[in-house]
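Trainee: Listed here are the chains, written in short residue letters.
2 protein chains.
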Amino acid sequence: MKNYTDLFSQDTFSFFRSPVRDIFKRVDLNAIYSFAGGYPSADTFPLEDFRRIMSEVIDRVGAKAFQYGATQGVTELREALSLRYGVSLERVQITSSSQQGIDVCTRILADPGDVILTSSPSYLGALQSFRSYRADVRGVAYDSDPDRFEAAYVRTAVAALNEGKRLKFIYSIPDFQNPSGETLPLEHRRRLVRVARRFGMLIVEDSPYRELRYEGESVPTIYSIDPDITLHLGSFSKIMAPGFRLGWIFGHPDVLDMIYVCKQSLDLCPPVFDQYVAAGFISDGSLDRNLEKSIALYRNKRNIMLGMLEQTMPEGVSWTHPEGGLFLFLTLPEGFDSVRFYDTALDAGVAYVAGSFFYPDGGGHNTMRLNFSFMTADRIREGIRLLASLLK
Amino acid sequence: MKNYTDLFSQDTFSFFRSPVRDIFKRVDLNAIYSFAGGYPSADTFPLEDFRRIMSEVIDRVGAKAFQYGATQGVTELREALSLRYGVSLERVQITSSSQQGIDVCTRILADPGDVILTSSPSYLGALQSFRSYRADVRGVAYDSDPDRFEAAYVRTAVAALNEGKRLKFIYSIPDFQNPSGETLPLEHRRRLVRVARRFGMLIVEDSPYRELRYEGESVPTIYSIDPDITLHLGSFSKIMAPGFRLGWIFGHPDVLDMIYVCKQSLDLCPPVFDQYVAAGFISDGSLDRNLEKSIALYRNKRNIMLGMLEQTMPEGVSWTHPEGGLFLFLTLPEGFDSVRFYDTALDAGVAYVAGSFFYPDGGGHNTMRLNFSFMTADRIREGIRLLASLLK
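In order, the protein sequence lines correspond to chains A and B. For the first sequence, the working numbering assigns the number 105 to the initial residue and increments by one for each residue that follows. For the second sequence, the working numbering assigns the number 105 to the initial residue and increments by one for each residue that follows.
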């Protein structure tokens, strides 16, 4: 066979590999200090709850749990989510992972060249998906002043319109952002809605970490501010376990209907048995019990990481103080290159994700993302000490 | 919000709804005689095997079975498939359903307007996926003479080239085709390979039913004839249970690598726990035991359906004699319209899928697809009797 490249679609030339997933291919995560990845702690997976609920599903639902299911998802699970989050049933679509949620929203909305506005930095998996459809992704830096924050989005939108571009949606991870760990204040969320309304865009609100809050008050979702222009993406990965590959989308029924038709040809329906298990996990209280334990565990790990950074990091290094989620973001002195430093760190046995990968328009060379959920408290201590000594 | 249609991508205008999935929305399958759908019999789901294997996976693999997994799929499952089918490990990619296999192959290969050649009739879910990428799908009718069969493919390919089109792949379901139930002879498979080689196309061999053979000799796969230009799609849906949403692709590593990168942004990885369960199901012999039982069950149902058709159908009606799989295909007298007849049938309590939905270029108005796997033998008897009486 000659070169397959001749046969590949145009989209494939915009595909790019996740450096995070490539790290996982290269090294055994348990053999190094891994601050890379967004893995929950294995200690948060309640294996005996899973075993019990699985057995109950087999008893109660029987063969139906192993048959093809509805494309929208299993009604029992949609109802459990509807009840838990106060969203009406026709506004709930189950997805085969919240990554699929991002992908399917992009698929039904973005043609090549269409503009997606996103915070900068932003989630790498979302950038992969956006680029894979050849969307024109434009990053907007955060500003603590709501007026300047809004003005930056307006400026970026107007610039795109002046180039004859079509604006499609704003992508935001308002709670404990990936990678920064920061949370968007309520007023900023209102401004995003105002910008979206003004330019006729939708908002894709990616919300996998929302329930992992370790301090402070919960901020209303963007979806709650404007449910008709917001597609809210939820995930079971951080509140139950990622191995089930289940997420959900809340949105306007007209948009969900298009997602429903798209999903027919993508994979017919989400994993059926897993959906019944997730429904059982919510309705028997396991989810809330597990969440309480996870929050206590992660709060402690975050505190330990913050304390260790304070103790060990050389001058000129700063970091975010996340109120929840799995990550914090380190900024090193100007001129530091965290991509180049990466091999040194990995050779010494410590992994992180270079911050520049999260910037859609370049930049962030002196930043890195550190995960604090995956390793034990002791290994976080040792790993930060090692990282700090390498940086000095 | 104004009309969302203004925001939808161009692809969405080529989406079409599955009439099969819409039937499932309209009616309770257990309340009617359903010859629609491609549902396996719930009697083939070995619930106690599933329960035992799940518990074993929790004991043996533990938390890792619930963590994020590799994008290529869990090694244990890839190894089990590699061993079972004699395909080297680097040629095995796990998919989140074999429908996803079809979709991801189309995604990485077809730009809008690119040509896909397919048998006519062909699987509806594949046509949905092809059209959703705005591919130019061209059907080629079956001919029992290999020369004429090959010539028809060549003619269709040349015609497309003369229009300045790019040819991408041939889609084939060689074993117990959906919807016809027919099997492509070895010589025809060789001719497909020759056509693909001649025009520099790939072949997507969709093979969900292959192991459900009730009589006759197994024919070599197209993949075995030419593994470098063939992407072979397998499925756990018919040999284990559809509720797990797992399939696989065998193919050249260069093509699988592109599918791997694509899958990162689609959904990161297939369901992890389910993959361990599938691996256990293969390696402890459950799959082979279950296959033997399923084959005996379905052979009997097929025989009953064939016998009942012989007994009850009016003159001028003919049907295929499938050696395996889940379907047979009925041809009614010219002028009969199975789409128009559908409401009459459903009102009387019997469902089928109108054959015209399977024809990419129109036609087949006097055909219908009948499934014999889903219902019990008794209900097949009653349902065929009812259908025949309605047709008279």
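Certain hints may be false.
When chains are identical, the list treats them as one kind, so a pair holds in a single copy or across two.
Result set (EDC-like, lysine to aspartate or glutamate): computed pairs, CA atoms no more than 20 Å apart in a straight line [unchecked claim]: (1) K496 to D163; (2) K496 to E419; (3) K168 to E152; (4) K496 to D361; (5) K269 to D110; (6) K269 to D115; (7) K168 to E427; (8) K168 to D330; (9) K168 to D132; (10) K397 to D482; (11) K168 to D441; (12) K168 to D147; (13) K397 to E319.
It is worth saying that the hints were derived from the structure and are not from the lab. Since we're looking at a predicted model, the values are computed, not measured.
Trainee: If a hint holds in the structure, say so; if it does not, say that too.
Mentor: Verification of the supplied hints:
1. K496 to D163: Answer is neither: 59 Å inside a copy and 44 Å across each miss the 20 Å cutoff.
2. K496 to E419: within (9 Å within a copy, 89 Å between copies)
3. K168 to E152: Answer is between; shortest inter-copy Cα gap is 14 Å, intra-copy 23 Å.
4. K496 to D361: So K496 and D361 fail the 20 Å test inside a copy (55 Å) and across (39 Å) alike.
5. K269 to D110: between (29 Å within a copy, 14 Å between copies)
6. K269 to D115: both (19 Å within a copy, 18 Å between copies)
7. K168 to E427: neither (41 Å within a copy, 28 Å between copies)
8. K168 to D330: neither (37 Å within a copy, 39 Å between copies)
9. K168 to D132: between (38 Å within a copy, 13 Å between copies)
10. K397 to D482: within (18 Å within a copy, 53 Å between copies)
11. K168 to D441: Neither, since 54 Å and 34 Å both go past 20 Å.
12. K168 to D147: Answer is between: at 11 Å across copies they meet the 20 Å cutoff, but 31 Å inside does not.
13. K397 to E319: within (15 Å within a copy, 56 Å between copies)
Figure legend: structure checked against the earlier numbered hints; hints not met, in rising order: 1, 4, 7, 8 and 11.
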